[in-house]
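Each chain, letter by letter, is given below.
Protein chains: 2
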Amino acid sequence: MSRLQKIRAEFQPQRPDILSDMNQIVFSREAKTSCLADEKEIAALFPKTFGRVIVSGGVGSREEAAPLKVGVVFSGGQASGGHNVISGLFDGLKKRSSESTLIGFLGGPSGIIDGKSIEITSEMLSMYRNQGGFDLIGSGRTKIETDEQFAASLETVQKLQLNGLVIIGGDDSNTNAALLAEYFLDKSCNCSVIGVPKTIDGDLQNEYIPISFGFDTAAKTYSEMIGNIERDALSAKKYYHFVKLMGRSASHITLECALATHSTFRLNALAAKGGDLSPESIQNDLSEEAAHCFASLPKEIQEQLLIDRDPHGNVRVSLIETEKLLIAKVKEELKNRSFQGTFSAISHFFGYEGRAGFPSNFDTHYCYAHGHVAAALVEDQKTGYMTCVGNLHRPVSEWTIKGLPITMLMNMEIRKGSSKPVIQKALVDLEGKAFKFFHESRISWGKEDHYRYPGPLQFFGETEMIDCIPLTLQFRT
Amino acid sequence: MSRLQKIRAEFQPQRPDILSDMNQIVFSREAKTSCLADEKEIAALFPKTFGRVIVSGGVGSREEAAPLKVGVVFSGGQASGGHNVISGLFDGLKKRSSESTLIGFLGGPSGIIDGKSIEITSEMLSMYRNQGGFDLIGSGRTKIETDEQFAASLETVQKLQLNGLVIIGGDDSNTNAALLAEYFLDKSCNCSVIGVPKTIDGDLQNEYIPISFGFDTAAKTYSEMIGNIERDALSAKKYYHFVKLMGRSASHITLECALATHSTFRLNALAAKGGDLSPESIQNDLSEEAAHCFASLPKEIQEQLLIDRDPHGNVRVSLIETEKLLIAKVKEELKNRSFQGTFSAISHFFGYEGRAGFPSNFDTHYCYAHGHVAAALVEDQKTGYMTCVGNLHRPVSEWTIKGLPITMLMNMEIRKGSSKPVIQKALVDLEGKAFKFFHESRISWGKEDHYRYPGPLQFFGETEMIDCIPLTLQFRT
Chain A
2 MSRLQKIRAE FQPQRPDILS DMNQIVFSRE AKTSCLADEK EIAALFPKTF GRVIVSGGVG
62 SREEAAPLKV GVVFSGGQAS GGHNVISGLF DGLKKRSSES TLIGFLGGPS GIIDGKSIEI
122 TSEMLSMYRN QGGFDLIGSG RTKIETDEQF AASLETVQKL QLNGLVIIGG DDSNTNAALL
182 AEYFLDKSCN CSVIGVPKTI DGDLQNEYIP ISFGFDTAAK TYSEMIGNIE RDALSAKKYY
242 HFVKLMGRSA SHITLECALA THSTFRLNAL AAKGGDLSPE SIQNDLSEEA AHCFASLPKE
302 IQEQLLIDRD PHGNVRVSLI ETEKLLIAKV KEELKNRSFQ GTFSAISHFF GYEGRAGFPS
362 NFDTHYCYAH GHVAAALVED QKTGYMTCVG NLHRPVSEWT IKGLPITMLM NMEIRKGSSK
422 PVIQKALVDL EGKAFKFFHE SRISWGKEDH YRYPGPLQFF GETEMIDCIP LTLQFRT
Chain B
2 MSRLQKIRAE FQPQRPDILS DMNQIVFSRE AKTSCLADEK EIAALFPKTF GRVIVSGGVG
62 SREEAAPLKV GVVFSGGQAS GGHNVISGLF DGLKKRSSES TLIGFLGGPS GIIDGKSIEI
122 TSEMLSMYRN QGGFDLIGSG RTKIETDEQF AASLETVQKL QLNGLVIIGG DDSNTNAALL
182 AEYFLDKSCN CSVIGVPKTI DGDLQNEYIP ISFGFDTAAK TYSEMIGNIE RDALSAKKYY
242 HFVKLMGRSA SHITLECALA THSTFRLNAL AAKGGDLSPE SIQNDLSEEA AHCFASLPKE
302 IQEQLLIDRD PHGNVRVSLI ETEKLLIAKV KEELKNRSFQ GTFSAISHFF GYEGRAGFPS
362 NFDTHYCYAH GHVAAALVED QKTGYMTCVG NLHRPVSEWT IKGLPITMLM NMEIRKGSSK
422 PVIQKALVDL EGKAFKFFHE SRISWGKEDH YRYPGPLQFF GETEMIDCIP LTLQFRT
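Quick mapping for you: the protein sequence lines, in order, are chains A and B.
Just add 1 to the spot in the first sequence (first one is 1) and you have my numbering.
Just add 1 to the spot in the second sequence (first one is 1) and you have my numbering.
Everything labelled a hint here was simulated from the structure, so no lab data went into it.
Treat each hint with caution, since some may be false.
One copy or two, it doesn't matter: identical chains are merged, so the pair holds either way.
[Stated by the list, open to error] BS3-like, lysine-lysine: derived pairs with alpha carbons at most 27 Å apart: (1) K7 x K434; (2) K336 x K144; (3) K426 x K49; (4) K33 x K426; (5) K239 x K117; (6) K426 x K239; (7) K300 x K332; (8) K7 x K238; (9) K403 x K437; (10) K336 x K188; (11) K239 x K325; (12) K300 x K325; (13) K330 x K300; (14) K188 x K70.
For clarity, every value in this text was computed on a predicted model and none was experimentally measured.
Given the sequences, and given the hints that come with them, work out the whole structure.
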């Protein structure tokens, strides 16, 4: 093991004061909720869980604890901090009752369907605390959607006699958590289903959820690399570097990295139209402008846009070489303008490098808190709720905790040709302070080579939490 | 500026005890030197500088200092720590005489030829201390080789009345430093020429030069990324990742990263035959085996092997997509073996990300020491010498300093069709302890997914220097 693996394994994350004594957390009821749109359809799809109240954690006296048995699963792509959600959940449960047990489902949601699980012990966890990756129990992209899959999941949960099931995932996985919560209640199963907001893309955020975990580490890892390349480019004065980042069309990662490094070109992911895309459907389905744009693309890129989707019907944006497309387009434009100088370009794609590294100090504390909140919500028999940790611009001790009914974040959207309840994805707000600041600065940053070099993620040397949270989040506080 | 930029700018590098008082350094003469091979030719090419003695720094009483005027230049690709060589040189000169001045040549060796320079001041330096990049004065790949270029360089040095010229560069640039030293003496110019060993490739090393600067930072930066990808791969169990690294055919970087991350595939750079490669010459020039190998390559890779060379006649290895070649070859082999499983592969190339980042603690101290040694050698009127800092496995305070006659590292080699004196490149020693350990371990590392995750470079939190130096160097001590 590396030195950092050892040091981080022994690190004790900070905890919000409210979570310092698990025996004193009580949830108070706040306003009743609805959903973002399409209330009638969504209420009809979630007859047992729709319209519940937001709950807010406070100090009070809690009843004596009975031992709980809780399952946990990773769903979808890696995001740094996942192991800390598990260790926070484990510690939170054990602090209430040392006889509580935590069951990990292996390889993602298929582990629930197939009943593949292990009991997570203190010894097993010890080498995964504050480490990156999801490898303690693995992850997967199987979506629980057929009747058989729902029934199999119920059977697993009943066989294991679980009091709760914690699903760590992105927007689609949390939608799935809400569907599972509704299904369990409908089948008179008392197992609570709790979601934890995970995704490096940052598109699972709203007025209650400041940011999904993993975003901070990914953005800081990419920013380190971008800053290094900027410094290299400024020294060599030889190449133009085109960088594509993971993070999908929401572009939060791109904006965060642009603010962190003052890089002045921004790659807007080519947002292909959702639904069924085939070469034949292009002419009919796309607007005239979009069809024109599509036709102007090199053959190679057209094909990349049409290749197979992931199980959620999403284009695999990371496989589209937009960075090379942009270089080709710039070359074409320079030729059209009879440019006489030299234009040498190098392309980079940063994606997998940022999903599984050691979680940043922010993600370390943030995920550990989410795990504790999940434990408290399960014990309170909340179901169809997502964990929420707020007040992030203040020191960790002052962070607040809530539980949000997942249905409140939903609207109806067309997915794979039919109308489905989904959690609305948050795109970058072009009217927001963060983007406006970038927009106002980028010309002068570019002209003056006014770069900023964040350097590698540091785990030592104290800083205020306000300096640790993502820059885009600092603009929102 | 980022937080790390500010904190690092204020950092004071550690210094070997021998450099703590510049007024007490005296160099003692050690053995006379020869060269690695071809003594007769090299002695004839360097009549004034061949066969000088190694000098070793010790404590003594030094004469009163006269103010010096010294020039400094970066030659070739970036390597982290370059700015610290300059700040070490600056501080070393000023400590002897506050009236000494340091002149930076702009944009590499062409700055010497064209007489483009600036005086480096304490204020200018303040924001570059312990930072990455070469952007204070820039770098370039122009090689001083024609009679006119030598004469122009002499004119510049005489016009500026320089007492010394410090050339920070790799093997070819240090060969150039030796040629310039000889030329200046031949023209009765007293300007000392001193080389500093720089290259991330690590191929400028031998029994006296433990390692070139920049190697450590580059290897640690790449290792961070590789470790992150390993953890991602282990969690996702979906892709095989093929990583190509900068570092040329010497492969020191690859071995260092393999040891740091326990990655088990090793990309041997395709070492194309030196000299003039054209499609026509292939059949005649290559051995039967090499020609067969060349013929088996995809057309695309054949072309990449034949594209233009850098000014030193080197194949631009980083432009050859060996990582994609390997993926294609593995697919072919699996097909031949009627493999029934799935094989999805992703390729990565890490190069520019590691050349200009914040120097590691090791490179920070190491470069600062080299700068001081350069100042002391110039004052001692040594010329055609390279700076040398040793005893690196011990605490910084115990590091030793030497000056090495550059000619001692030379032999004759064919370059661009004619016999030239060059510094011999050090390739990975396949009989050395480091490679043998890797070789003995890689099968079990691969079978057991026994990865190691180094994580991002840390600047805080004390460690022994023995834990900071490159792993391959630890094997040699």
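Hint-by-hint comparison with the structure:
no., hint, in the structure
1, K7 x K434, "between (40 Å within a copy, 25 Å between copies)"
2, K336 x K144, "neither (48 Å within a copy, 31 Å between copies)"
3, K426 x K49, "within (24 Å within a copy, 73 Å between copies)"
4, K33 x K426, "within (22 Å within a copy, 73 Å between copies)"
5, K239 x K117, "between (54 Å within a copy, 19 Å between copies)"
6, K426 x K239, "between (39 Å within a copy, 26 Å between copies)"
7, K300 x K332, "both (17 Å within a copy, 24 Å between copies)"
8, K7 x K238, "between (40 Å within a copy, 24 Å between copies)"
9, K403 x K437, "neither (30 Å within a copy, 55 Å between copies)"
10, K336 x K188, "neither (66 Å within a copy, 49 Å between copies)"
11, K239 x K325, "both (18 Å within a copy, 25 Å between copies)"
12, K300 x K325, "both (13 Å within a copy, 20 Å between copies)"
13, K330 x K300, "both (13 Å within a copy, 25 Å between copies)"
14, K188 x K70, "within (19 Å within a copy, 86 Å between copies)"
The structure does not agree with the numbered hints 2, 9 and 10 stated previously, though it agrees with the rest.
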